[in-house]
Amino acid sequence: MNALLQNVRARYDRAKAYVRGHKAKVTHVVAQIAIYVFLITISYVFLYPVFRMISISFMSASDLVNPEVDWLPSKFTFANYAIAWKVLNGTVSLTNSIKFSGLMALFQTIVSALTGFAFARYEFRGKKLLYTIILLSFIIPVPILLITQYNMFNEFYQLIGRTGQGQGLGSYDSQMIMAFFGQGVNSAILIMIFVNFFKLIPNDLYEAGKIDGASPIQLFWHITIRLSLSTIVVVFLFSFVWNWNEDYVTKFLVGDGIDLFTNQLGKFDSLFSTRTTGLTHPDAGGEIQLVESFKMAATVISVIPLLLLYFVGQKSFVQGIEKTGITGE
Amino acid sequence: MARNKTLRALTGESRIENQNKIAYLFIAPWLLGFLTFVIYPFFKTIYNTFFKITSESIGLTYFYNLIDKGGNYGTAFRNLYFFPQLFDFIVMEFTYVPTIIIVAFILAVLLNTGVKGQGIFRVIFFFPVIIMSGPITGILYWNGAGSLLTYADNIIFKMILSYSPQLAEALSGLFGNFTMVLWFTGIPVILFINALQKINVNLYEAAKIDGANGWQILWKIKVPIVKPTAFVCAVFTIVQLGTYTGNPVFYTIQNSIYDRGGGIGLASTFAAIYTFVVFLIVGVAWFLLGRPEKIKKVELSSIQRINMEALAQRRAEQKKGTVTAQ
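First to last, the sequence lines map onto chains A and B. Under this note's numbering, the first residue of the first sequence carries the number 4, and numbering increases by one thereafter. Under this note's numbering, the first residue of the second sequence carries the number 6, and numbering increases by one thereafter.
Please keep in mind that the hints were generated in silico from the structure rather than gathered at the bench. Cβ atoms here follow ideal geometry from the backbone N, Cα and C, with glycine treated the same way. Hints should not be assumed to be uniformly reliable.
To be clear about the criterion: a stretch of chain B counts as covered by chain A if any three or more of its residues have a C-beta under 8 Å from a C-beta of chain A, and this derived list gives those stretches [to be verified]:
#, stretch
1, 36-45
2, 132-140
3, 165-177
No farther apart than 20 Å at their CA atoms in a straight line, the calculated lysine-lysine pairs in the PhoX-like style are these [unchecked claim]:
#, chain 1, residue 1, chain 2, residue 2
4, B, Lys57, A, Lys28
5, A, Lys131, A, Lys202
6, A, Lys28, B, Lys325
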């Protein structure tokens, strides 16, 4: 017994001596643990709504009202998803969302690349002023522009006789036109990403191209575009995601004309009552509670394409934001 | 002397005249769009605020009405909803933005200490940027998924509540929606990490030699250097919050367009006042973070000065020595 105590004592002393001798190291380890605890806690807070969303999306009505069911539903079922898909008008909305976000992103990428090229390569009159204006235009709130834009498009469509269901203000045309002229969602940031990347391309390449008699368009295509494919992907992805998530401008300029994931989700409650008539749910509990799990399922559905995109192009997204170079320069 | 085309292409002067035309060609689509869809609407909407506008079958008709009870501005001030909502918006900006900036900075500093799994944390902190849209934040907000902390029973919160209900309300707006607030930190975290990584490591070394601890390094080196980045983040967050579903002003403006009573004139007035407020908030951010820092003059003691001079002299001699050696 005594020997054991002595042994323990000796070990304790050794540990104490170790701590004294490696004070810096021990504090380091403690600090590391503290940092991890903090970061993991914050990560949990970040992901909490998503976990909650996924968990609720699988719950049946009885699970929702059951206080014993907190995270795990009593049985996993995709029934909620099937109904949510129907309410969202899934197939149509998905195609529309992909089609329009893709087209808008394409327009935005092309115009931003052209503009970015001019700002990065050439010295022209009013360059500094225009660049400052691009940066400033970012802070102009959308409503002040939207009111007049709405009237402009309204008059324009009446002039060319494109009014009615699915045309003019009921269609995506207005936003398409604006994207084509470089005024889509967050265009300023996209232009900045391009300017900062194009500036990195060495001037010698252009000089060499010029000596070989290349025109500016050829320089742009064969040197700038060829060298910045990764940046183009970044800008396209960002533009795609932002257009996908955009709902305020869409609400103004498209209204109910087109089914898109984002705007369908925005008016889920009213759609639910019209699109699920005749559907009897096995356990009809409280009406509001019922909608909640369908709504969460719909949210998960509308987020899945973006998450897929994010996990494929995760590096590009982070690099893209770093590439804006707006950090203090 | 006649110069050939190649030489001319390589020299500076002739390039500039050409460049004007080519550059304008490249930016033409954007410039055209900018003039029609940003500059014109901006001033047109401000112009609209002075008129009562009614929609007729032939188009819009304008009646100048500024003299009559302050026109649209008078109506806006008398509106029961607009100014309280605007005030809520201002409170939201002033509570959310500092929180977002501070949390983002702390996260960036921690991620920059070289913890393992940095990539995973970055993926987690950035992903809300990808999925955040009006309807989604709206749905999560209304289902209470955004509030994680049960702040209402907290003793400190109750103390604040009895002391100043306004402050308590602002705080409950912040903590009741804390996760959604955190979701705005995605881009600021990346920007801060980027700024921190650009700091010259020699600065830390020099500070350590002078006996600075980590805390001092944080406050004297990291914070001043990332201040411009903080300004960028603040502006970005202010703009993002402007388009956030929790922003009450947006929908008032939208609904007022279709409203027969006020019409486009009143909606424009709301939008103009709102824009003015946003610019004001950006101005405050600039005042706090964006101004270039004054460089403080360091007072050296006489011994330090002698040492420095001696060092400079020695360096100069060394340089001279190497030059002559060559």
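Hints, one by one, checked against the model:
1. Proximity of the stretch 36-45 of chain B to chain A, defined as three or more residues with a beta carbon under 8 Å from a beta carbon of that chain, is established by the 8 residues found.
2. Counting residues of the stretch 132-140 of chain B whose CB lies closer than 8 Å to any CB of chain A gives 9, which reaches the minimum of 3, so the coverage claim holds.
3. Taking a C-beta to C-beta cut-off of 8 Å, the stretch 165-177 of chain B contributes 0 residues in contact with chain A, too few for the three needed, and the coverage statement is violated.
4. Distance restraint check for Lys57 (chain B) and Lys28 (chain A): the Cα-Cα separation of roughly 73 Å exceeds the 20 Å cut-off, and the hinted pair is therefore not satisfied.
5. Taking the CA atoms of Lys131 (chain A) and Lys202 (chain A), the gap is near 15 Å; set against the 20 Å cutoff, the hint holds.
6. At most 20 Å may separate the alpha-carbon atoms for a hinted pair to count; Lys28 (chain A) and Lys325 (chain B) exceed this at roughly 45 Å.
In this structure, the earlier hints numbered 3, 4 and 6 are contradicted, and the remaining ones agree with it.
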